[in-house]
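Chains as they are written, first to last, in the numbering used here: chain A, 52 to 204; chain B, 4 to 164; chain C, 537 to 827.
Calculated directly from the structure, the hints in this document are not laboratory data. Warning: the hint list may mix true and false statements.
Unchecked claim - Between beta-carbon pairs, the in silico distance windows are:
hint, chain 1, residue 1, chain 2, residue 2, range
1, A, 118, C, 541, 46 to 56 Å
2, C, 745, A, 111, 56 to 66 Å
3, A, 57, C, 803, 20 to 30 Å
4, B, 33, C, 782, 50 to 60 Å
5, C, 688, A, 196, 21 to 31 Å
6, B, 123, C, 775, 43 to 53 Å
7, B, 74, C, 739, 42 to 52 Å
8, C, 770, B, 75, 37 to 47 Å
9, C, 739, B, 84, 55 to 65 Å
10, C, 797, A, 102, 23 to 33 Å
11, A, 55, C, 794, 17 to 27 Å
12, C, 803, B, 83, 47 to 57 Å
13, C, 745, B, 42, 45 to 55 Å
Here the structure is a predicted model, which means the values were calculated and not measured. Built from N, CA and C at the ideal position, the CB exists for glycine as well.
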Amino acid sequence: MIIEEKFVVNVPVDRVWGFLLDAESLASCVPGCEHVEPAGENSYMAHMKARIGPISANFKIRIDISEMDPPSYLKSTMRGEDSMMASNLNASNVIDLRSLEPGKTEICYRSEVTVLGRLGKFGEGIMKRKARDVGEEFARSVKERLERAPSGS
Amino acid sequence: MKKDIELRINGAPYRLSVEPGRTLLQVLREDLGLTGTKEGCASGECGACTVLLDGEPVRSCLILAVDARGQEIMTIEGVAENGKPHKIQQAFIDFGAIQCGFCTPGMILVAKALLEKAPQPGEEEIRKAISGNLCRCTGYVKIIKAIEAASQPWYFVSKKG
Amino acid sequence: MENFEYFEPKTVQEACTLLTQSENGKVLAGGASLVVLLKNKLIFPDRLINLKTIEGLNRIELNPQGELSIGALCRHRDIESSPVIQERFEILAEAASKISSPPIRNMGTIGGGICHADPSADFPPALIALEARLKVSGSKRSRTIPIHEFFTDYYETVLEPDEILTEILIPPLPSPSGGVYLKLDKTTNSVAILGIGAVISLDKKENCTFAGLGVGGAAPTPLAIKEVSSLAGKPVDIHSIEAVASAAVKQSHPISNVHASEDYRREMVGVLVKRALKQALERAGKKVTSS
Chain A
52 MIIEEKFVVN
62 VPVDRVWGFL
72 LDAESLASCV
82 PGCEHVEPAG
92 ENSYMAHMKA
102 RIGPISANFK
112 IRIDISEMDP
122 PSYLKSTMRG
132 EDSMMASNLN
142 ASNVIDLRSL
152 EPGKTEICYR
162 SEVTVLGRLG
172 KFGEGIMKRK
182 ARDVGEEFAR
192 SVKERLERAP
202 SGS
Chain B
4 MKKDIELRIN
14 GAPYRLSVEP
24 GRTLLQVLRE
34 DLGLTGTKEG
44 CASGECGACT
54 VLLDGEPVRS
64 CLILAVDARG
74 QEIMTIEGVA
84 ENGKPHKIQQ
94 AFIDFGAIQC
104 GFCTPGMILV
114 AKALLEKAPQ
124 PGEEEIRKAI
134 SGNLCRCTGY
144 VKIIKAIEAA
154 SQPWYFVSKK
164 G
Chain C
537 MENFEYFEPK
547 TVQEACTLLT
557 QSENGKVLAG
567 GASLVVLLKN
577 KLIFPDRLIN
587 LKTIEGLNRI
597 ELNPQGELSI
607 GALCRHRDIE
617 SSPVIQERFE
627 ILAEAASKIS
637 SPPIRNMGTI
647 GGGICHADPS
657 ADFPPALIAL
667 EARLKVSGSK
677 RSRTIPIHEF
687 FTDYYETVLE
697 PDEILTEILI
707 PPLPSPSGGV
717 YLKLDKTTNS
727 VAILGIGAVI
737 SLDKKENCTF
747 AGLGVGGAAP
757 TPLAIKEVSS
767 LAGKPVDIHS
777 IEAVASAAVK
787 QSHPISNVHA
797 SEDYRREMVG
807 VLVKRALKQA
817 LERAGKKVTS
827 S
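Use the sequences and the hints to build the structure in full.
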């Protein structure tokens with residue numbers, strides 16, 4: 052399933068780029084994402100929690116930044132596993148930044164997410180809807196975090 | 004932790020020690036060797052696991068064995084009378100209502116429950132009664148005809164022995 | 537299946553206490569939804585509490601206030617075949633008859649279905665149209681919750697971990713009333729793509745005195761369409777029905793899945809709401825006017 056968001060923040064493109072490279076800040080904008088730790092050059096480990104009604108999943112994920120073109124393009128992959136639920140989560144993420152005018156940046160991101168295994172069989176339509184909610188929440192959080200912080204921090 | 008339970012199956016009592024998480028279907032097939040009841044979909048939709056509980060068709064794959072205590076369970080193994088096919092079973096044979104046979108135990112039990120409630124159901128009622136039993140082979144026509152025939156007073160098992 | 541402790545309480549209080557003592561215990565009613573989740577290893581409760589061993593939770597009766605009281609442990613087939621429900625709350629018997637298959641209706645319970653909170657379930661739209669109230673017992677208190685406040689998200693309700701649904705109360709309907717449950721599905725009685733419950737009550741002058749409308753399958757929860765109350769106070773005409781249908785479509789935000797797309801569902805909400813309201817009116821004994 053595809054999660055796509057396009058939104059504008061009132062913040063210069065360099066600051067947005069800096070924010071994206073700060074894995075902890077970025078991860079804090081993803082609902083359910085916790086415990087981000089660096090795991091080598093351009094790699095991170097994290098935990099992703101997700102829940103639909105009585106069914107919960109806890110993925111251990113590895114995030115790898117595969118391509119970078121500062122300050123406008125970032126590509127990363129995510130590979131995660133929840134062994135209790137015998138399920139895997141794979142995602143390929145692309146973020147494009149576009150400077151609209153000084154002090155205004157358009158953020159486009161696109162994530163292709165696949166859930167395999169036991170969870171993948173259950174409620175594909177509902178997972179897509181939840182994924183969309185996660186995407187919207189992520190966009191809201193990023194915008195709020197960027198626009199809230201005083202310049203230079 | 005296993006629980007000691009007694010199940011009444013086809014008129015006979017069975018004493019068992021089962022984990023609460025085991026289904027009636029698992030216990031029938033694996034503990035008691037009554038393999039006439041089948042597992043098809045593991046989610047209650049196909050009907051291959053159908054048994055009668057106090058005369059009503061239910062999905063044995065969705066019933067915990069511990070939860071079936073104190074009720075009369077009938078499986079396909081309990082349908083024949085004195086070693087001779089029940090008239091529903093005979094009708095299924097006579098009308099060619101059996102191909103691979105996987106849906107057959109469930110179909111026959113549902114038909115038995117129906118005819119005991121409504122001795123002369125019409126086609127509509129038969130269709131409604133078997134609506135929860137999927138058959139991949141026959142296209143249902145012969146099954147319905149067999150049940151209809153078995154409901155007629157003139158239909159009886161004439162074969163000897 | 538994973539191991540869990542299994543209990544057979546004799547009272548509701550006992551069941552609630554057992555829930556408070558557990559981390560993620562679940563109650564077992566008919567098992568039609570719960571055992572599927574268990575067998576498919578999607579949930580891992582530490583204990584299972586069988587509610588069927590509690591007496592008195594499966595009655596269908598009119599209480600002194602004239603409300604219909606349905607015990608949460610009533611099976612779908614009990615509701616389908618109950619004479620008082622068929623006569624006075626036809627919409628409920630109709631919804632029950634469209635649930636899955638006869639063997640599942642022999643096992644599944646109305647309380648279990650409501651608490652499982654599948655947004656496509658068949659009972660909630662009918663219960664919403666009837667403005668049902670849900671009686672819930674917990675270890676410290678009991679409360680009554682209007683059904684339109686009960687569902688919060690996919691498979692989620694306002695129930696606290698120690699609470700059990702015990703009774704469904706349906707307010708009496710004035711006479712004449714008509715109710716209908718329409719189900720859009722691919723094959724008979726499969727999972728609903730959409731489910732619409734509509735009720736209309738009239739007075740002697742053929743003015744509408746009450747209208748109820750519930751929509752299932754069009755959002756993360758079953759929807760109560762409040763605009764339907766605009767039908768009251770006058771004869772029901774086609775323009776008012778169309779306005780209600782538009783409001784229902786606006787409120788809908790369905791998912792796309794293998795059975796139907798988002799756009800198709802949204803469009804069909806409009807079509808079926810109109811159809812259901814017209815049929816409810818017909819069953820109340822009137823035909824919709826065109827003016």
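**Study point:** Hints the structure fails to honour
**Key:** When the structure is compared with the hints, only number 8 turns out to be violated.
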